[in-house]
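A.B. asks: Below, each chain spelled out in residue letters.
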Amino acid sequence: MRRLSERFYRILLLFYPEPYRRAHSDELIRFLRDKVVDKSDAPWFTRTLMWVRVTLDAVTEGISERIYRTRNRVVQPRDRWRGAWFFDLAADTRYAFRAIGRAPGFAVAMILTLGLGIGANSAIFAVVDASLLEPLPYADPDRLVDLNQAMDNFAIPSLPVADARTWAEQDELFASLSLHTRSSFVRTDGDEPVTVHVGAVGANILETLGQSVTLGRGFLESDGVPGAQPVLILLDETWRIRFGADPSIVGKEVVLDDDSYVIVGVLPRGVKFPRFGKLWGWVPLAEDGTVAGEATGRLSVIGRLHDGIDIETAQARADVISAGLAETGSQLKVKLRRHSGTRVNPDVRRALYFLSVAVVLLLSIALANGISLLLSRGVAQNREIMVRAALGASRGRIVRQMLSESFVLSVLSSVFAVGLAFYGLKIIVAMLPSELAFFSATPVELDARVGWFVFGLTMVVGFGLGALPAFSLTRFTAKTGLSVSRYHNPSAGKRNLRAALVVMEVGTATTLWIGCGLLITSFAKLVSVDPGFETRDLTFFNFQLSDTRYPDSNSRYSFMSELAERIAAVSGVETVAMAGGLPPEVAFSFNLGLQAEGSDELTDQPFLFPWTLVGEGFFETMGIPIVRGRGFGPADSSSTIIDVDLAHALWGEVDPIGRRFRLDEDGRWRTVVGVVGDVKLMGQDDRNGAYEMYSPQTPASVSAYTDLAIRSALPFASLVPQVKAIVAEMDPVQPVNRIETAAAAMAGAVDKPRFLVILMTVFAGVALALTAVGIYGVLSFSVSQRRQEIGVRMALGARAASVLGLIVRDGMLLTSVGVVIGIAGGLVGTRLIESLLFGVSAHDPVNIVASALLLLVTALAACYLPARRAALVNPVEVLKAE
Amino acid sequence: MASNHNLEELIPLKPNDFHILLALTSGQKHGYRIAKEIEEESGGRIRLEAGNLHRTVQKMIRLGLVEISRTIPKDDPGDERRKYYAITKLGRQAVGADLERMRSLIEVADSRGMFGAGRGGAA
Chain A
1 MRRLSERFYR ILLLFYPEPY RRAHSDELIR FLRDKVVDKS DAPWFTRTLM
51 WVRVTLDAVT EGISERIYRT RNRVVQPRDR WRGAWFFDLA ADTRYAFRAI
101 GRAPGFAVAM ILTLGLGIGA NSAIFAVVDA SLLEPLPYAD PDRLVDLNQA
151 MDNFAIPSLP VADARTWAEQ DELFASLSLH TRSSFVRTDG DEPVTVHVGA
201 VGANILETLG QSVTLGRGFL ESDGVPGAQP VLILLDETWR IRFGADPSIV
251 GKEVVLDDDS YVIVGVLPRG VKFPRFGKLW GWVPLAEDGT VAGEATGRLS
301 VIGRLHDGID IETAQARADV ISAGLAETGS QLKVKLRRHS GTRVNPDVRR
351 ALYFLSVAVV LLLSIALANG ISLLLSRGVA QNREIMVRAA LGASRGRIVR
401 QMLSESFVLS VLSSVFAVGL AFYGLKIIVA MLPSELAFFS ATPVELDARV
451 GWFVFGLTMV VGFGLGALPA FSLTRFTAKT GLSVSRYHNP SAGKRNLRAA
501 LVVMEVGTAT TLWIGCGLLI TSFAKLVSVD PGFETRDLTF FNFQLSDTRY
551 PDSNSRYSFM SELAERIAAV SGVETVAMAG GLPPEVAFSF NLGLQAEGSD
601 ELTDQPFLFP WTLVGEGFFE TMGIPIVRGR GFGPADSSST IIDVDLAHAL
651 WGEVDPIGRR FRLDEDGRWR TVVGVVGDVK LMGQDDRNGA YEMYSPQTPA
701 SVSAYTDLAI RSALPFASLV PQVKAIVAEM DPVQPVNRIE TAAAAMAGAV
751 DKPRFLVILM TVFAGVALAL TAVGIYGVLS FSVSQRRQEI GVRMALGARA
801 ASVLGLIVRD GMLLTSVGVV IGIAGGLVGT RLIESLLFGV SAHDPVNIVA
851 SALLLLVTAL AACYLPARRA ALVNPVEVLK AE
Chain B
1 MASNHNLEEL IPLKPNDFHI LLALTSGQKH GYRIAKEIEE ESGGRIRLEA
51 GNLHRTVQKM IRLGLVEISR TIPKDDPGDE RRKYYAITKL GRQAVGADLE
101 RMRSLIEVAD SRGMFGAGRG GAA
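So the sequence lines, in the order shown, correspond to chains A and B. Residue numbers are given in my numbering: position 839 of the first sequence equals residue 839, and the series is strictly consecutive. Residue numbers are given in my numbering: position 114 of the second sequence equals residue 114, and the series is strictly consecutive.
Simulated from the structure, these hints should not be mistaken for laboratory data. Incorrect hints may appear among the rest.
[What the hints assert, rightly or not] Calculated cross-link-like contacts (lysine to aspartate or glutamate; reagent style EDC-like; alpha-carbon spacing at most 16 Å):
| id | chain 1 | residue 1 | chain 2 | residue 2 |
| --- | --- | --- | --- | --- |
| 1 | A | Lys35 | B | Glu37 |
| 2 | A | Lys35 | B | Glu39 |
| 3 | A | Lys39 | B | Glu40 |
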């Protein structure tokens with residue numbers, strides 16, 4: 001941070017004239033350093049204010065020193081730093097401000113246009129940076145690897161306990177290795193019992209991660225051993241939100257699963273390890289792999305590679321170690337994966353990249369508009385420029401002056417953009433898909449990195465905006481300059497440039513709309529998918545039963561069935577059913593080949609099928625139609641119910657009732673007793689699992705995670721407290737994990753596409769508006785330049801309608817060229833989102849035609865006003881003026 | 001170029017100049033210390049930023065009011081590459097002359113009963 005602030009300040013110092021800077025910059029930097037150290041404990045707004053003051057100070061003093069030197073003829077040595085002209089804005093800044101002051105409307109249009117572009121980029125960068133770019137908050141995060149168990153064609157991100165413990169001793173490859181797993185407890189010392197998810201971590205985890213606690217201490221070897229005082233480390237977020245950032249938290253106690261845990265430490269902000277859902281804190285993992293005395297089946301292993309070992313070398317050596325261990329009877333193969341490589345799933349990453357491309361395109365449209373505006377204003381200034389040139393200003397001098405104006409505009413736009421991004425981000429964060437909210441390395445906010453991004457972007461925009469007009473408008477000689485007449489039309493070159501800008505804008509907007517249209521179509525199809533069950537009056541409750549109080553399936557079964565019975569007795573509740581997983585995300589989904597009895601072979605294709613355990617009355621409660629056969633009865637244990645699609649895939653048109661099939665070649669045979677309608681158990685997108693399979697929930701099959709589906713006409717707000725009261729009556733320390741209406745649950749499954757489609761529509765909408773403004777601007781300008789020509793045409797007998805047509809034709813010609821280019825861009829660009837689309841092809845012709853039409857109609861509207869103005873030209877007045 | 005300036009020309013001192021000189025009367029200091037002391041003495045109302053302070057000090061060096069110190073104060077275990085500024089004889093005279101000017105102003109104001117006015121006329 002300190003280095004960063006110094007670098008920033010060094011750039012600011014460029015406002016000073018070079019000799020002054022050379023003599024005094026060390027002193028100035030020392031002053032700043034003292035100040036930064038002094039204010040390091042101040043609240044953030046004080047520090048922000050300080051930086052604003054420091055910046056203003058450098059700018060005003062730098063400029064004043066320059067003015068002082070010019071007035072007093074302090075000799076400026078000519079040995080200027082090579083790139084100095086780029087930053088040497090200060091001398092021209094005053095001029096730029098004056099120019100802006102002369103045309104405030106122009107400046108406002110420019111700031112709005114560029115601000116939208118820069119703001120959209122800043123907001124999306126904040127999201128992308130937090131979730132993809134910013135390194136995890138560990139020392140050398142690239143050296144952290146996860147040990148996976150390699151299977152034939154996939155890898156499991158954990159190892160069996162015995163192997164994990166063997167591997168934890170491999171210090172040849174790793175500087176430090178830590179075992180970890182997840183666990184959850186019920187916290188009972190609050191208002192109502194809540195489930196908390198914790199990471200169970202080895203004592204050396206902080207060493208492996210290269211992190212330390214902000215309060216208290218880390219775990220010790222002695223913490224996890226049986227009989228030791230149970231201890232707990234809190235996540236920073238938990239500490240802040242649940243414990244009000246209590247500075248004396250260390251030593252306080254929390255009751256988890258009836259045991260009293262002493263809080264020994266608090267983790268730094270941003271440390272969320274292991275990476276999963278809503279993590280609450282850490283408990284120690286004993287050396288033998290037990291958590292709070294309970295054995296775990298598998299453990300995850302994270303290792304810090306020794307310095308200088310890259311992951312390929314490490315993998316090769318790990319293979320050797322695996323081979324060595326094979327002699328001792330272990331069959332395990334270990335696959336190393338970079339820990340930071342598994343942050344967000346590829347689809348989300350793709351969506352973020354797509355949004356990044358979209359905002360860059362948006363910025364390019366904004367920039368084209370800005371350039372176009374500068375060009376049209378520049379033409380008006382042409383004579384001033386030429387006079388200056390004639391009086392001896394060098395081309396470089398004039399270019400610099402024009403560039404400084406564009407830099408000032410760019411800086412002002414960025415100020416507006418940051419405000420825009422600040423509020424935009426609030427909205428974006430509120431609708432951020434849970435995956436991004438959980439897995440981003442740091443909170444999504446306008447932090448220092450975003451600040452640098454905006455700074456860089458401001459520089460790029462400032463240069464990109466000014467360079468083209470500056471060089472194009474100064475391509476003249478003094479001689480030709482002064483001899484042009486008042487009626488001088490912009491040269492063909494300049495008009496072509498503006499036409500090219502319009503074509504580019506239309507093309508870009510078309511491409512954006514093709515992408516946006518696909519996302520909208522896809523989203524509309526996704527939300528209109530019939531979930532296969534009746535979502536009205538249906539509410540889902542999820543319970544996580546404690547291992548200590550409900551140690552076996554039988555006890556869980558009796559608790560859940562009694563609960564279901566009692567709830568069913570509440571007046572207004574129609575039916576209640578137990579399930580081991582509900583849509584839109586059941587617990588299990590398999591990708592296996594299936595074999596129908598009588599057929600010798602497995603199906604050609606493996607089936608991705610969700611599988612859930614359901615209690616009696618499940619299909620009735622959910623409103624899932626039973627197409628053939630029956631639902632589960634009380635005595636069912638080996639029977640299976642499948643959906644129509646799976647029945648068709650296995651047996652075609654033959655009646656499947658009573659037939660048997662099995663999973664893989666060695667599964668046991670399952671008898672089909674019923675066929676039910678297709679249900680979107682894994683969410684609306686069928687590609688996540690189209691073939692459903694149901695087994696009966698029996699006293700022997702109830703897992704700790706169990707759901708209840710409740711069909712009731714009671715309003716949600718009155719049903720929930722009644723259910724909670726019954727749970728509390730049966731077991732006062734049993735939390736209710738998740739309560740959601742079925743409709744909300746299904747809507748939650750499309751939060752990622754919704755996020756993408758909303759942002760994309762906003763961006764594409766802004767792009768369309770900017771493009772319309774661009775077309776309007778160019779045509780208006782062209783009409784005002786061609787007044788004389790139009791007047792002559794009308795004097796010679798041209799009718800208003802034909803003049804109107806002339807201008808509209810001009811505009812539509814440019815638009816058509818742009819649309820064609822945009823379609824080509826769209827055909828290529830939409831490949832990026834192909835995998836995100838549902839029910840629509842990336843090359844959907846309807847979408848392409850619709851996008852093209854949208855642009856054409858918008859362009860037509862934008863052409864109309866200038867064309868009408870042309871048609872209303874009074875030839876007598878124009879010719880009189882001549 | 002030092003001290004060929006007439007004291008008359010220097011008075012009245014600009015507020016920032018005055019504060020800087022006043023801060024230096026208690027011993028030589030480096031830039032940030034000067035700014036910090038001024039901020040404290042003025043109750044936070046006068047805040048000098050690096051560039052402003054520096055240019056003012058440069059100007060006062062040119063005027064001969066301030067000089068760059070050759071020695072490092074013992075009580076400041078700072079960085080020895082820092083520049084420490086000290087008040088010159090002319091600087092002290094200027095502060096004194098300006099204070100004298102203020103005193104006469106205060107006397108005039110007092111004789112006209114101005115001092116009660118600000119507090120609501122309790123005199």
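A.B. asks: Now tell me if each hint is right for this structure.
C.D. replies: Quick rundown of the hints versus the structure:
1. A/Lys35 x B/Glu37: holds, 13 Å
2. A/Lys35 x B/Glu39: Roughly 12 Å separates the two Cα atoms, so the pair holds.
3. A/Lys39 x B/Glu40: At roughly 15 Å apart (the allowed maximum being 16 Å), B/Glu40 and A/Lys39 satisfy the hint.
In the structure shown, no violation is registered for any of the earlier numbered hints.
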